[in-house]
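K.L.:
If you're matching positions, the sequence shown starts at 32 in this note's numbering and goes up one per residue.
Keep in mind that the hints were calculated from the coordinates and are not lab data.
Beta carbons are placed, not taken as given, at the ideal position from N, Cα and C, and that holds for glycine.
There may be inaccurate statements among the hints.
[Claimed, not checked] Computed list of lysine-lysine pairs in DSSO-like fashion (alpha-carbon distance at most 27 Å, straight line):
#, residue 1, residue 2
1, K177, K302
2, K101, K302
3, K177, K189
4, K189, K101
[Stated by the list, open to error] Now the in silico label distances, taken between C-beta atoms and shown as ranges:
#, residue 1, residue 2, range
5, G287, P73, 17 to 23 Å
6, V329, I205, 35 to 41 Å
7, L273, F208, 43 to 49 Å
8, P73, G217, 22 to 28 Å
9, I322, L88, 15 to 21 Å
10, G217, A167, 56 to 62 Å
11, D44, V158, 20 to 26 Å
12, V158, T276, 51 to 57 Å
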Amino acid sequence: MADSKQDVVCGFDGNPDLFGLGVRVGIYIQMISFVLAGVFLPRESAYLQGSAFVFLLAIFIALIRETVAKTLHATEVALVAWLIIYQVIGVSSTLTKHLTVSSAVRMVLAFFIFPPFVAYMVWYWYVGIDTLPEGACGEYGFFWTKVNVRGWYRTLNKVIWTMAIAIVSLWGIIGGFLLLIATVMGVVSIRRRSRERSSRAEEDVRARIQTPGKAPARASATPRLEKQDTWSSELRAKHPVLHKTLKCIGALFLAGLSLAMTVTPMELLIKWNHVRGLDRLDSVGQLVPFILSAGQLVHVLYGIVTGAEEVKKGSIVQKKESPGSCPKKQRVVDVEGDGIDMGTITTAGEPEGRNSS
Numbered sequence: 032m033a034d035s036k037q038d039v040v041c042g043f044d045g046n047p048d049l050f051g052l053g054v055r056v057g058i059y060i061q062m063i064s065f066v067l068a069g070v071f072l073p074r075e076s077a078y079l080q081g082s083a084f085v086f087l088l089a090i091f092i093a094l095i096r097e098t099v100a101k102t103l104h105a106t107e108v109a110l111v112a113w114l115i116i117y118q119v120i121g122v123s124s125t126l127t128k129h130l131t132v133s134s135a136v137r138m139v140l141a142f143f144i145f146p147p148f149v150a151y152m153v154w155y156w157y158v159g160i161d162t163l164p165e166g167a168c169g170e171y172g173f174f175w176t177k178v179n180v181r182g183w184y185r186t187l188n189k190v191i192w193t194m195a196i197a198i199v200s201l202w203g204i205i206g207g208f209l210l211l212i213a214t215v216m217g218v219v220s221i222r223r224r225s226r227e228r229s230s231r232a233e234e235d236v237r238a239r240i241q242t243p244g245k246a247p248a249r250a251s252a253t254p255r256l257e258k259q260d261t262w263s264s265e266l267r268a269k270h271p272v273l274h275k276t277l278k279c280i281g282a283l284f285l286a287g288l289s290l291a292m293t294v295t296p297m298e299l300l301i302k303w304n305h306v307r308g309l310d311r312l313d314s315v316g317q318l319v320p321f322i323l324s325a326g327q328l329v330h331v332l333y334g335i336v337t338g339a340e341e342v343k344k345g346s347i348v349q350k351k352e353s354p355g356s357c358p359k360k361q362r363v364v365d366v367e368g369d370g371i372d373m374g375t376i377t378t379a380g381e382p383e384g385r386n387s388s
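Construct the entire structure; sequences and hints are all you get.
P.N.:
Here it is, written out as structure tokens:
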């Protein structure tokens, strides 16, 4: 009897390819990068979606491979589910008003993996969990406390993931319809702008032939000023030190909250289920995600310290003339790419036709 008790060993050797130390720490660091970029570098944050997609794709492919080989334990799937959910949350946090076409493509690629993952989780909680090896000392999940994955926790997940696949299916139908409409409207808009550009070019040529030496008026030559109508912009203009302090406090709070919500479930699940072999960082499979995520964080911190966001804003918003400065003449070129010299105009309200000495 004593020998049989000693033969029972709780826990199992985990799969480092799914949630090894380098993978976990890499995701923790990436969550911090998402938060800091979202607060300080909203234009830069969308580019983090590409790396998030790589993480998601690699983890999901490894999950499918191990499921087919039937080498997973039930609790390992729960661990991977937490990792993928956090990555999707990180990607969605980069959806800002500065979203560009390229970042939107990366966002679509990142969310492209979510429907198959939801379908996998539905299969897992209904069927898959019964086909995977069962731990000798129980299997536990995280629901703000230690719970058995094969009890009421399984029923709850059946309900949650069934609702999730229904919502994802509805979003897919609506998203496909909206994408079709956007594609048609985009094609129509491109054709209309092309015709307008050609028409403006012909009008400019005729105007220069009729009145040589005089620049035709072009609405596109008007400087574009960025709107400063939000409370954050007003606070930054009136109290820059207070604005920066509040941003730092908010970023630290969000980063700490994200780490608490990410690290706590993962590490507790590993401890409760006695998963071994996940505390080493000396393999290529662990070093690569760790170094990539650390590089991202360094890049974001460098952008914050050097004020990269302010530099980008300054490249878009034209600087105003100081009240006491003299009016200057500017050379205006065709910003639409028609190749027509628009002549010179004066700024700061200089009377037309007045020559500077």
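K.L.:
Compare the structure with each hint and give your call.
P.N.:
Results of checking the hints against the structure:
no. : hint                      : result
1   : K177 <-> K302             : holds, 11 Å
2   : K101 <-> K302             : holds, 23 Å
3   : K177 <-> K189             : holds, 18 Å
4   : K189 <-> K101             : holds, 21 Å
5   : G287 <-> P73: 17 to 23 Å  : holds, 20 Å
6   : V329 <-> I205: 35 to 41 Å : holds, 39 Å
7   : L273 <-> F208: 43 to 49 Å : holds, 46 Å
8   : P73 <-> G217: 22 to 28 Å  : holds, 24 Å
9   : I322 <-> L88: 15 to 21 Å  : holds, 18 Å
10  : G217 <-> A167: 56 to 62 Å : holds, 58 Å
11  : D44 <-> V158: 20 to 26 Å  : holds, 25 Å
12  : V158 <-> T276: 51 to 57 Å : holds, 53 Å
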